[in-house]
Amino acid sequence: MILVTLALALPILSLQHALSPKDAEEINKLGKVFQESNKIAHDGIVLLEKVMDQLRDYECRRNQEDCAAWNAYRLGDALTESKANCDETPENEVCKKARDLLRMADNGSHKEILGGLVDLAEGVTKDDLQYVNNLMDAVVDYICYKEPGKCTAMRVVSDVMRQGEDIVLSPQSRRI
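All letters in the sequence shown, in the order written, are residues 12 to 187 by the working numbering.
Since the hints were derived computationally from the structure, they do not count as laboratory data. Glycine included, each C-beta is placed from N, C-alpha and C at the ideal position. It is possible that part of the hints are untrue.
[What the hints assert, rightly or not] What follows is a set of in silico ranges between Cβ atoms, one per label pair, in the way DEER data are often shown: (1) Asp148 <-> Ile51: 17 to 23 Å; (2) Tyr156 <-> Met115: 39 to 45 Å; (3) Tyr69 <-> Tyr153: 28 to 34 Å; (4) Arg73 <-> Lys157: 27 to 33 Å; (5) Glu102 <-> Glu158: 20 to 26 Å; (6) Gln46 <-> Lys137: 39 to 45 Å; (7) Asn96 <-> Cys71: 23 to 29 Å; (8) Lys122 <-> Asn144: 27 to 33 Å; (9) Cys71 <-> Asp98: 24 to 30 Å.
All chains should be modelled from the sequences, with the hints used to inform the complete structure.
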């Protein structure tokens, strides 16, 4: 569930600024599907977000290199969720945190910030993501068990996250 953490903080929407126009269009389509599901299953998505925060915290206690990657990953999520544009609101707290993490001057552009977060978040490896996806699947299964009426929406969220990851991680993905 890398870099798509759309409204729940999927960094992939943030990546739309660092991907080719075709890939960015696909990410935007996925974002709209995600937002519709978020209206139905918001509490479940919040639970997924909290699990991701706990994973970041674990990685930060374990290893500084992984910590930077996970912080970039989650800041990309936060930037997406807040819908902040760091060019328009450079004093935005998430923009400041991203610039600090990237050791960037206060005048770093929104596009530069997103590109830097994407690059740094690549430290969250495909192997890491496989385990994260397994954990997310278990959380979605639990939500489906507890709230069957929200299960379809939660499965859509999971699918959207994976599709976004596939776009971003694919060798054909051309960053601009």
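Item to complete: Go ahead and decide if the range 20 to 26 Å is satisfied by the Cβ distance of glutamate 102 to glutamate 158.
Response: Given range 20 to 26 Å: violated, Cβ gap about 39 Å.
Practice prompt. Kindly confirm whether 23 to 29 Å is satisfied by the beta carbon distance between asparagine 96 and cysteine 71.
Written response: Between asparagine 96 and cysteine 71, where Cβ atoms are some 27 Å apart, the hint holds.
Fill in: Hint check for lysine 157 and arginine 73 - Cβ pair distance inside 27 to 33 Å
Holds, since arginine 73 and lysine 157 (Cβ atoms, about 30 Å apart) stay within the stated range.
Worksheet entry | C-beta pair glutamine 46, lysine 137: status relative to the range 39 to 45 Å that was hinted | Cβ of glutamine 46 to Cβ of lysine 137: about 27 Å, so the range 39 to 45 Å is violated.
Worksheet entry | Beta-carbon spacing of cysteine 71 to aspartate 98 - inside the hinted bounds 24 to 30 Å or not | The hint (24 to 30 Å, Cβ to Cβ) holds, given that cysteine 71 and aspartate 98 are roughly 29 Å apart.
Worksheet entry | Cβ distance range 39 to 45 Å for tyrosine 156 and methionine 115, holds or violated | holds, 44 Å
Discussion item. Taking 17 to 23 Å as the stated bounds, is the beta-carbon spacing between aspartate 148 and isoleucine 51 within them?
Written reply: holds, 19 Å
Worksheet item: Given a hinted range of 28 to 34 Å, is it respected by the beta-carbon distance of tyrosine 69 and tyrosine 153?
Response: violated, 19 Å
Discussion item. Given the hint of 27 to 33 Å, is the C-beta distance from lysine 122 to asparagine 144 inside that range or not?
Written reply: Cβ of lysine 122 to Cβ of asparagine 144: about 28 Å, so the range 27 to 33 Å holds.
In this structure, the hints that do not hold are numbers 3, 5, 6, in rising order.
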